[in-house]
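Visitor: Sequence:
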Amino acid sequence: MKTGCMNFWGYSRWWWAILVVGILCVIAGFFYWLFPVMGYAVASMLFGWLLIISGVVQLCVSASARHPKGWGWWLVGGILNIFVGFMLVRSIVLSEIVLPYFFAIVFFFWGVNAIVGAIFSHKRKYWWINLINGILLLVISYFFIESGYLQDAIMISLLTSIAFIYWGFTIMIIANDMRPEK
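Per the numbering used here, the sequence shown runs over residues 1 to 182.
Because the hints were derived from the structure by calculation, they are not lab data. Here the structure is a predicted model, which means the values were calculated and not measured. Please note: incorrect hints may appear among the correct ones.
Stated by the list, open to error - Below, in silico cross-link-like pairs of lysine to aspartate or glutamate (DMTMM-like), each with a Cα-Cα straight-line distance of 20 Å or less:
1) Lys69 with Asp177
2) Lys125 with Glu181
3) Lys123 with Asp177
4) Lys123 with Glu181
5) Lys69 with Glu146
6) Lys125 with Asp177
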């Protein structure tokens with residue numbers, strides 16, 4: 001493993017687990033896009049468990065023996081994802097009411113995280129992709145807050161599917177970036 005790297009995330013041997021979480025996010029997003037009739041109950045349970053799995057993977061990455069740079073972001077993100085995931089799984093009625101707000105919190109965190117990552121890796125060739133990613137995640141977070149305030153179920157369904165597809169691809173890109181070089 002290289003010790004001096006320009007990568008904000010650093011390198012981790014857990015990159016494959018992060019890649020699996022990204023693939024699961026994309027699959028869940030497409031599933032929800034294709035079957036929006038299944039409603040909030042199944043969606044909140046599905047995404048709640050997905051967030052719990054994502055949080056556990058983030059905690060494993062941050063607590064590994066050779067934790068990557070930015071391990072504090074992984075720790076906070078893992079705790080946040082586990083908390084939001086358990087809140088969604090715990091009560092279906094509660095999750096139907098606050099689902100857009102939970103997603104707004106998660107995507108706001110990931111947006112700020114991506115912007116900070118772009119700022120710290122501004123010497124890399126494609127640093128601006130992380131900046132655009134962060135801005136788009138903040139915009140998605142804003143739309144979740146607006147749709148939750150209006151309680152627009154169709155908009156929340158569409159945003160949820162788009163957000164998880166987009167978030168999954170983002171996680172897969174981060175996983176590829178974290179793969180140790182040989």
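Visitor: Run the distance test for lysine 69 versus aspartate 177: straight-line Cα separation, threshold 20 Å.
Guide: holds (12 Å)
Visitor: Between lysine 123 and glutamate 181, does the CA-CA distance stay at or below 20 Å?
Guide: holds (19 Å)
Visitor: Is it true that the CA of lysine 125 sits at most 20 Å from the CA of aspartate 177?
Guide: It holds: about 13 Å lies between the C-alpha atoms, which stays within 20 Å.
Visitor: Given the proposed pairing of lysine 125 with glutamate 181, does the C-alpha separation stay at or below 20 Å?
Guide: holds (17 Å)
Visitor: Within 20 Å, alpha carbon to alpha carbon, are lysine 69 and glutamate 146?
Guide: violated (34 Å)
Visitor: Would you mind confirming whether the straight-line C-alpha gap from lysine 123 to aspartate 177 stays at or under 20 Å?
Guide: Between lysine 123 and aspartate 177 the Cα gap is close to 15 Å, so the pair holds against 20 Å.
The structure does not agree with numbered hint 5 stated previously, though it agrees with all others.
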